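**Student:** Required output: the full structure, derived from the provided sequences and hints.
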Amino acid sequence: MTEEQRQKAISALHDCMAACNHCFDACLQEENIDHMRACIRLDRECADMCGYLEHALLRNSPFVGELAQACAVICDRCREECGKHDHDHCQQCAEACRTCADVCRQLLA
Numbered sequence: 001m002t003e004e005q006r007q008k009a010i011s012a013l014h015d016c017m018a019a020c021n022h023c024f025d026a027c028l029q030e031e032n033i034d035h036m037r038a039c040i041r042l043d044r045e046c047a048d049m050c051g052y053l054e055h056a057l058l059r060n061s062p063f064v065g066e067l068a069q070a071c072a073v074i075c076d077r078c079r080e081e082c083g084k085h086d087h088d089h090c091q092q093c094a095e096a097c098r099t100c101a102d103v104c105r106q107l108l109a
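Position one of the sequence shown corresponds to residue 1 (the UniProt record's numbering), numbered consecutively onward.
Among the clues, some could well be false.
Taking CB as the label site, the calculated pair distances span [said to hold, decoys possible]: (1) VAL73 with THR2: 17 to 27 angstroms; (2) ASN32 with ILE10: 34 to 44 angstroms; (3) GLY65 with GLU31: 35 to 45 angstroms; (4) SER61 with GLU30: 35 to 45 angstroms; (5) ILE10 with GLU45: 18 to 28 angstroms; (6) ALA109 with GLU31: 39 to 49 angstroms; (7) GLN5 with GLN92: 16 to 26 angstroms; (8) HIS22 with MET1: 22 to 32 angstroms; (9) ILE33 with MET1: 35 to 45 angstroms.
Quick caveat, the hints were computed from the structure, so don't treat them as lab data.
Quick caveat: nothing in here was measured; it's all calculated off a predicted structure.
All C-beta atoms in this analysis are idealised placements derived from N, C-alpha and C, irrespective of residue type, glycine included.
**Tutor:** Written as structure tokens, this is what we have:
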């Protein structure tokens with residue numbers, strides 16, 4: 001992995017983590033919070049995984065490939081769930097998750 005690829009991945013992971021945290025918080029403010037339950041849960045899972053992989057990249061962990069594979073799956077699931085909701089925060093989160101999943105797959109190549 002080149003330094004440019006590493007920095008691109010770190011940036012995408014950080015952006016996705018921030019988008020998921022924002023979506024999580026905004027979903028808690030929605031009127032029908034029960035309808036947002038799956039979104040809230042996946043936002044938390046995705047933010048945590050993105051943060052963990054970001055740290056793994058920063059410390060040159062030997063498990064980056066395994067973590068990137070798991071992160072891509074979690075980002076895809078979060079993207080699918082957020083994509084079901086019309087809220088701006090959900091749509092922005094879905095886009096950040098799509099970008100992040102793509103970057104994670106590039107780490108596997």
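**Student:** Checking against the hints above, which ones are violated?
**Tutor:** Hint check: nothing fails, all pass.
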